[in-house]
Amino acid sequence: MGDNEKSPTSLRRSLGLGHVFVISTGGTISAGLFFLPSFAAAKAGPSAILAYLIAGLLALPAMLSVAELSTAMPRAGGLYYFLARALGPAGGTVTSVATWLSLVMKDAFALVAMSAYLALIGIDLPSKLTAVILIALFTLLNIVGSKTGVSIQLAMVGFLLVVVVWFLATGMPEVGNAAGDFEPFFSKGSEGLIAAIGLVFVSYGGLTKVASMAEEVEDPSRNIPLGVILSLFVSTVVYTLGMLVVVAVIPQSDLYGDLAPLHTAAETYMPAVGAGFV
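So in the numbering used here, the last one in the sequence shown is 282, and the numbering has no gaps at all.
If you're looking for bench data, these hints aren't it; they were derived computationally from the structure. Please note that the accuracy of each hint is not assured.
In silico lysine-lysine, DSSO-like type, Cα no more than 27 Å apart, as pairs [said to hold, decoys possible]:
id, residue 1, residue 2
1, 132, 192
2, 110, 132
3, 110, 213
4, 132, 213
Quick caveat: nothing in here was measured; it's all calculated off a predicted structure.
Start from the sequences, fold in the hints, and give me the full structure.
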């Protein structure tokens, strides 16, 4: 049986292009934008702006490979299925364990960021308790089914993009005359830039999540490549411009170590309601 044929146990294809874009973008634009800029700036100074752009370009070959494999073998399992077909079950198992460990670390990183932002709105619980509550919530969303979970995620990502576009649209005019310091641009040298690229590359890891749901995507040969490429483009633009605004409006001495840099930046030029949403 060919990979594009449906078996009796195939999952129902109910996810369209918008869902693919949401899955990829929702898993990408998260802690890398709201939490990581201060740490990237500490590594590279103002050149951390370039780090996000270069990391996005470096992610392109991997994303194209995932899109091609997901199109050729649209089966649930993602990287495990691909590697198991190529290298046997042992190769697939090793890849699955490595992927699981990387997702655990990425999600732990994101949960720390969410704890920092929840504290800004008065939900100042211990970070471990906050993490457990959020994990339970997101697990429930996955249990209720992909279509329902993704529909909820569609609304959340839509709101996220509106807030981010608002942040960027009002922040870009501030770049030329704000308190930030772009000089020297390569204040940490090329070593700092390379270190920052490695640090922020993890921000693009969510783009591969769609591979695990390829079996549920309608017309995967069209929707998966288009959705992933569109998501990578949007994510790279958002990350790069977001870092540009953060560096522009926050003095470097204040930026380093700030656990909520986007909110700090928003407070300097956005109305109170906008900063509150950020």
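Hints versus structure:
1. Proposed proximity of residue 132 and residue 192 is contradicted: the alpha carbons are some 34 Å apart, above 27 Å.
2. About 15 Å separates the Cα atoms of residue 110 and residue 132, which keeps this hinted pair within 27 Å; it holds.
3. Pair hint residue 110 plus residue 213 holds up; C-alpha atoms about 13 Å apart against a cutoff of 27 Å.
4. Pair hint residue 132 plus residue 213 holds up; C-alpha atoms about 25 Å apart against a cutoff of 27 Å.
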